[in-house]
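Colleague: Here is what each chain is made of, one letter per residue.
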Amino acid sequence: MRIKLTVNGEEREAEAADHESLLTVLRESLSLAGSKNACEQGECGSCSVLMDGDLVCACLVLGAAAAGRNVQTVESLSDGEQLHPVQRAFVEAGAVQCGFCTPGLIVATYALLKRNPEPSDQEVREALSGNICRCTGYGKILEAVDRASGAMYRR
Amino acid sequence: MSVHISRDVDDALDNLASRKDATVLAGGTDLLVEINFGRLRPAHIVAIDRVDELKDFSRNGHVRMGALVTYTRMLENDAGSVALQEAARPIGSPQIRNAATIGGNLGTASPAGDTLPVLAALEATVVLRSKKGERRVPFADFITGPKKSVRRPDELIVAAEWDDAGPAQTFMKVGTRNAMVIAVAGLALVVDRRRRRVGVGLGSCGPTIIRATEAERFAAGLLEEAGWDRTHRPSEAAAKEFGRLAAGAAKPIDDVRGTAAYRRHVLAVMGARALARVAAIP
Numbered sequence: 020m021r022i023k024l025t026v027n028g029e030e031r032e033a034e035a036a037d038h039e040s041l042l043t044v045l046r047e048s049l050s051l052a053g054s055k056n057a058c059e060q061g062e063c064g065s066c067s068v069l070m071d072g073d074l075v076c077a078c079l080v081l082g083a084a085a086a087g088r089n090v091q092t093v094e095s096l097s098d099g100e101q102l103h104p105v106q107r108a109f110v111e112a113g114a115v116q117c118g119f120c121t122p123g124l125i126v127a128t129y130a131l132l133k134r135n136p137e138p139s140d141q142e143v144r145e146a147l148s149g150n151i152c153r154c155t156g157y158g159k160i161l162e163a164v165d166r167a168s169g170a171m172y173r174r
Numbered sequence: 020m021s022v023h024i025s026r027d028v029d030d031a032l033d034n035l036a037s038r039k040d041a042t043v044l045a046g047g048t049d050l051l052v053e054i055n056f057g058r059l060r061p062a063h064i065v066a067i068d069r070v071d072e073l074k075d076f077s078r079n080g081h082v083r084m085g086a087l088v089t090y091t092r093m094l095e096n097d098a099g100s101v102a103l104q105e106a107a108r109p110i111g112s113p114q115i116r117n118a119a120t121i122g123g124n125l126g127t128a129s130p131a132g133d134t135l136p137v138l139a140a141l142e143a144t145v146v147l148r149s150k151k152g153e154r155r156v157p158f159a160d161f162i163t164g165p166k167k168s169v170r171r172p173d174e175l176i177v178a179a180e181w182d183d184a185g186p187a188q189t190f191m192k193v194g195t196r197n198a199m200v201i202a203v204a205g206l207a208l209v210v211d212r213r214r215r216r217v218g219v220g221l222g223s224c225g226p227t228i229i230r231a232t233e234a235e236r237f238a239a240g241l242l243e244e245a246g247w248d249r250t251h252r253p254s255e256a257a258a259k260e261f262g263r264l265a266a267g268a269a270k271p272i273d274d275v276r277g278t279a280a281y282r283r284h285v286l287a288v289m290g291a292r293a294l295a296r297v298a299a300i301p
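As you go down the protein sequences, you meet chains A and B in turn.
By this note's numbering, the letter at position 7 of the first sequence is numbered 26, and the numbering carries on one by one without gaps.
By this note's numbering, the letter at position 10 of the second sequence is numbered 29, and the numbering carries on one by one without gaps.
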């Protein structure tokens, strides 16, 4: 089924095969492989995207039913080679090890800081509770969120 | 597979009436898992996720929550039930709570649906609509078995309704972490001081959501003695007895999340704590 949707600010047309999720449409039809495919059940958060401004798991959105939606993926964050402050903070804090969960965590952090510029530690933990990382032990990720908040909002 | 993106409720109902094999898609957090794992291959999907009239939410002594109200919205607003907010807060993750809806929790009708013990304790009504009209089903009659309800294929769940029961209510659940868990057991306690009514709903400990009626009667007796309009501190023995009666109503099984014996144990502990907590709320 051909669908039209807005992805990262551009009108796109994509092929959404029967029963395919938005995640598959993004990765395979639109070649946006930043959103990762791991659990396919909304447990791991590695496919996190913004849909009409809300953080959701792209694996839990039916591709064919995403027609007309406005989707923002991790690819939209950097400005060419210039990393987004959230991305830079993850690099600087050493919050990236194998990197598989990183795009999802970056989108979730971006969504959090847009809504809550200076979240408490508890708020960060709750906001990132849907993103699983098996490498870092989360300490460096919490540090990265704090750095990103500082870079974006505290002068 | 065909997909119909519904414009409004009538459009969705027309589509449901014309296709006997239709599957309703709301937030997608249950349905897509089934599809992704190849357990379901729906031939026709009626997407209702953009039907704005199902997102209405009114509170005026009587609460009417449209089927498409998400858990995130319940947490951002006065949800018309403190226990419902307590249940909504640890459901899944922000990603899940932004998509998943009260109507979806009802439609899936899982014994582990976390809002459902609350709706049971509130004696909520499920509002169903088809082209033939609307019918109102008491929550107690809505779920008939694990993931089975009285909803007909041509019907849409349009809302849940209940009388505002006041602030003396709570929800608790036990799981391996705060986020992203399917409850090992859950318990909702509602004390409606004005109507002099106690509701106890149990989740994840039987084939359907269970009302613990003996525990309700016991708590009502305590409140009768202490005064319905007064806060009080139940004795440790009374709280324990309430927990014992709540656990006694469960019909748990052993499964990957916990044993039947553990479920009974935690229900008794949660029951005692819930009563102590709620009795202290005016």
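There may be inaccurate statements among the hints.
[What the hints assert, rightly or not] Pulled from the structure, derived: some chain B residues nowhere near chain A, Cβ distances all over 12 Å: (1) H23; (2) V28; (3) G46; (4) T48; (5) D49; (6) R60; (7) D68; (8) R108; (9) R116; (10) N117; (11) G164; (12) P226; (13) G246; (14) A256; (15) V275.
[As the list claims (entries may be wrong)] Listed next, with one range per pair, are the computed distances between beta-carbon atoms: (16) B:S37 - A:V110: 51 to 61 Å; (17) A:P136 - B:L94: 13 to 23 Å; (18) A:E142 - B:R78: 23 to 33 Å.
The set of hints was computed from the structure by calculation and includes no laboratory data.
All C-beta atoms in this analysis are idealised placements derived from N, C-alpha and C, irrespective of residue type, glycine included.
Colleague: Any hints this thing doesn't respect? Which numbers, in order?
Modeller: Hint check: 1, 3, 4, 5, 6, 7, 8, 9 and 10 fail, others pass.
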